[in-house]
Amino acid sequence: MENQMILKIENLNKNFFGVAALRKVNLEIPRGDIHALVGENGAGKSTLIKILTGLYQKDSGSIYFDGSMIESHDVLDAQKLGITAIQQEMNFIPYMSIAENIYLGREIKKNGRINWNDANRQARELLLSLGIDVDVAEKMNRQSAAVQQMVSLARAISVNAKLIIMDEPTSSLDKNEVEVLFKVMRDLKNRGITLIFITHRMNELYEMCDSLTVLRDGEVVGQSSVADITYLELVSQMIGQDAANIIGERTKPERTFDKDAVILKAQNISMFPKVNDMHLKVAKGEILGLAGLLGSGRSETARILFGAMQPDTADILIHGNKVKLNNTRTAKKLKLGFCTEDRKVDGNIPNMSVLDNLTLANLPSLSKFGIISNKKRDTIAKEYVKTFNIKTSGLNQKMVNLSGGNQQKVLLSRWISTNPEILILDEPTRGIDVGAKAEIEKFIHKLSGDGIGIILISSEMEELVRMSDRVIVIRDGYKLGELTGARLTVDSIMKEIANTRISDISDVEGSNEK
Amino acid sequence: MKSSNQASLNQLLNSYGYLFFFVIIAIAGSIFTPNFISLNTLRNVLVQMTPVLITGLAMTIAISSGGLDISIGSIMAVSSMCCAKTLSIGILPAIVIGITVGIFFGFVNGFIISRFKVEPIIITLATMIAGRGIAQVLNEGKVFIFYEPQFTDWAFIRIGNIIPIQVLVMLIAILIIWFLVRRTVFGVYVQALGDNVKAAGIAGINTYAITLVVYVICGIMAGVSGIMETSRLTIADASQVGLGIEMDAIAAVALGGTPLTGGVANIFGTVIGCMTIQMITVIINMNNLSTAYAYLMKGIVLILAICIQNLDVRGR
Amino acid sequence: MLKFLIKVKQLIKNINKQGPILILLLLIIFAAIRYDYFGTWKNISNIFRQVSMIGLCAVGVTFVIISGGFDLSVASMAVLSGCAAAVLGNNILIAIAAPLLIGIMGGLLNGLIVTKIKVVPFITTLSTSMVFKGIALLLTNSKSTPIQTGIASRFAVLGQGNIMGIPIPTIIFIIICCIAVYISRYTKFGRHVYAVGANESASRSMGVRADRVKLIVYTISGFTASLAGLILASRLNAGQPTGANNWEMNALMATIIGGTLSTGGVGKFQGTFIGVLLLGFIQNILNMEGTLSSWWQDIIMGTLLVLVIVLQRNEQRTLFK
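Chains as they are written, first to last, in the numbering used here: chain A, 57 to 570; chain B, 543 to 858; chain C, 116 to 436.
Chain A on its own, in the form it takes in the complex (with noise of 0.2 Å):
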């Protein structure tokens, strides 16, 4: 019988250092389908992928591919069997030119050497037959990102790929560039190719793809056809909530805190293609939610009001002054805090003490003229390790032998010791134990009843119901809506989420007043 599915994998499992990445997954993706992979960050899509390409092996289960079995492969068994992944970050040679980098690896060679006219020949007339008409000489970090994804695309087709995994292929380009990216896609399952399409944007999933798998956790939570399942039960394998029984009832008490001590208040803050047009304010004591999946530039909004992205636009104005946050240095000074949402890439010192790390941003104030006062350090830093209950074996153990639940919080101590005005908390409990989770919970809200505004970024939509005040949903960058007081439960931010339409955004726009 014909091999109705290419790719068939059975109780497949990755560890890294003891850690399940990815658990018993069971998946099938029928051929010629163009099939979306669906989940947060950590779900394991990432590792899934790397698997397949070769980059990782896996510990266990079975992998099959166009009917035969995977053994272990590396990189080049598995380009040479036809699988091929287009990444989201820079996965090109940039000094290089677009044919070049087509052929890198399997070079056009007549008599013995390179031929550059064929090689820029046949990139040209394979770009073509994809609809793109560029100067194939050009170097790739010339191109737009559009353009390197046609390329790359482009290259997977020359080594016959028979899958061809695309990983958030849409997060750089604007509207048309996306038109010319579907048009490419369709053609590509028109000659028989499977694509693997990674998107947070669900309308392109809805328009783009025949079936689908949801990752959440390492562990496949559902499969199905794209026609067979609503948004909002798609929305709901996602983040894990069954949609049926959210309760969407606030554990926190109604909370009195006066809504016009507007401290922080933003406004036309843009930055190609990440953020588009957000505004937002936070008061006094208020602790204020952004809502929305993976990729929506909540992140990027953060850092931009921390000022450590450049935006292209944005007015800022703090206690009513219009500011301009050049550095995070400048932040700082307007009393501002940032926790980042990824502890491992910016947040921790690694091999400095905890010490050291709980007092990193406040130094100065614990120091004169530059010389660190030890006994106030100490007993800083010794306040809250007690409040917080982190677990250590002592002040001069190095951070990284920290557990993810105690890094957390002596980094929240690290930025709460500044005795900021604004606190912002990105994802400030990922990856953390349950118990760990609920103190900081509950020493955030300490923190709001001391007057400190939050703005809280939280990819646990139950979180920021139970925390938030007011919460606003975004979704690529663009401000859907605020939802407050009892019209505040999970069920209608995923609701925000899946029924709003990119193109009646402009709408809520306009009805939204701040």
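Calculated directly from the structure, the hints in this document are not laboratory data. Please note: incorrect hints may appear among the correct ones.
Computed cross-link-like contacts, DSSO-like style, restricted to lysine-lysine with a CA-CA straight-line distance of at most 27 Å [claimed, not checked]:
1. C/303 <-> A/166
2. A/218 <-> C/303
3. A/106 <-> A/321
4. B/659 <-> A/389
5. B/740 <-> A/391
6. A/502 <-> A/321
7. A/315 <-> A/389
8. C/383 <-> B/659
Predicted model, so just to flag it, every value in this text is computed and none were measured.
Chain A is fixed; fit chains B and C onto it per the hints.
The following block gives chains B and C in isolation, referenced to the frame of chain A:
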């Protein structure tokens, strides 16, 4: 679990590897060399080690910040020549001038590295070449001989008739740098910068300013070292002062356990590393072996030290 | 009007890229006018003979830098090879083959340490430069050792001879340069060197064998360094353990001035050729000026290097927007 034992062993080696080398070389030295363990030997090691130690301390800071400064030898030479030539004005002014020269070069290095984001190795390479040239040109390529007994006699002072003055200077330098690294805001910032530059930026550390100061410190210490050498040698020889000292300094830092990619500075390690390197030189000399062996040993020891460092790469 | 402005902008950008060549031309014109002796065949051929040695090192170093690495051991390798020729060279064959073999092995050693033990290139080649120097000193007992008398005259041809008036070292240099240009443009390996230097992880995922590429470039660098050392020994009629002063720095400078990016991925061997010539001509001009020659050369070179690097960085910045 087996792997965690391996990891702990690696961490241990990483933290204390330098002592291991020191002890091995010391034992080897005493076995193969007569009179190795003697006051005279110790004195020789310590006096000759002075420039390497001072520049090694500077190098520790540079490397710990995530960078490198291979121009310190040349800065030594320029400072040495400037100081020697201005001794006629007065000893104190000459010293001040020498140090100012160091500050100037350090500033040039630091400015270009932080402002233009050029790789430290390349820029300090350029400064190294140009600097050596300037030092030579200042006295038309000739050795500068001067007579200033007040200045030169200083190098032969012995405290309590036993301890050379250089030891005092080294101790002061070690104390100052140790204090800078361990007890000041600047020290914490430098190490944070080298360990995770992104996190340092988010935490509000002014990476430009810190980088600038790091290289200025290197310049100052190179200047001090150059002036001291001039005093000891009673001549200013632009072709010899500080020649190749950056290699020894880097070797000492690497041996001492400060990660070459940047991060936590191990001052004590650098000091032990310096002594180890110097012991190699002394062993070679005392055994009347050709300097060839010194080269060989230093090269091999350096590679081994890095291998040990690479064993424990967690947290990078 | 707009088109005209665009053309002017392109011209200025191109001049920036052609910087080294322009400077070279200017220098040549300047020197030819100023010094009578400059334009003589004897002088020119001498310059070329002199630069060929560093030039050979520079070709190897360029390969390494394009691949994203560093090689500081070329000077010591050149010294080692010259000393090996003197000490081991009983007959002409061994005198030439042995050093070259040593160069290849030394390069392999560098490559292995970098790829297998994963030590950063800077420290690796720093250490091996000490080891090579040590071995050279041992071989020669730290003394300048003459080439063995039986073969000395034939050996001298390598460095001192001419073919049709052109110094043999120059012919070798030009041939090696041409080979390098060919490799870099028309061979799979050559292109992979650029790929690895530009984006190592991407190149790996595109199927490039990055470790093998690195291994080969260090071997090439060792080979060219040893070749240069042979020529030096041939000119001196001896193996000198203290020779090849600063060659690694000069080779590096020529490479970078010639337009190779210090971070890798970009570079032209023609550029290195020009850079080497530039170095040589500047030295020659300074020689003619007076006794300050070599030191002023260093100052100028150092400053030039700084300027080139800073300009490179600016261009890189606009390259990435």
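Status of the hints after comparison with the structure:
1. The straight-line distance between the Cα atoms of residue 303 of chain C and residue 166 of chain A is roughly 12 Å, inside the 27 Å bound, and the hint therefore holds.
2. Between residue 218 of chain A and residue 303 of chain C, the direct Cα distance comes to roughly 25 Å. Compliance with the 27 Å bound is thereby established for this hinted pair.
3. A distance of roughly 42 Å separates the Cα atoms of residue 106 of chain A and residue 321 of chain A; the hinted pair therefore is violated under the 27 Å criterion.
4. Straight-line distance between C-alpha atoms of residue 659 of chain B and residue 389 of chain A comes to about 26 Å, which keeps the hinted pair within the 27 Å bound.
5. For the given pair, residue 740 of chain B sits about 20 Å from residue 391 of chain A by alpha-carbon distance, which is consistent with the 27 Å threshold.
6. For the hint linking residue 502 of chain A to residue 321 of chain A, the alpha-carbon distance of about 23 Å falls within 27 Å, and the restraint holds.
7. At most 27 Å may separate the alpha-carbon atoms for a hinted pair to count; residue 315 of chain A and residue 389 of chain A meet this at roughly 24 Å.
8. Only pairs whose Cα atoms come within 27 Å are accepted, and residue 383 of chain C paired with residue 659 of chain B is accepted, the gap being roughly 23 Å.
Checked against the numbered hints given earlier, this structure breaks only hint 3.
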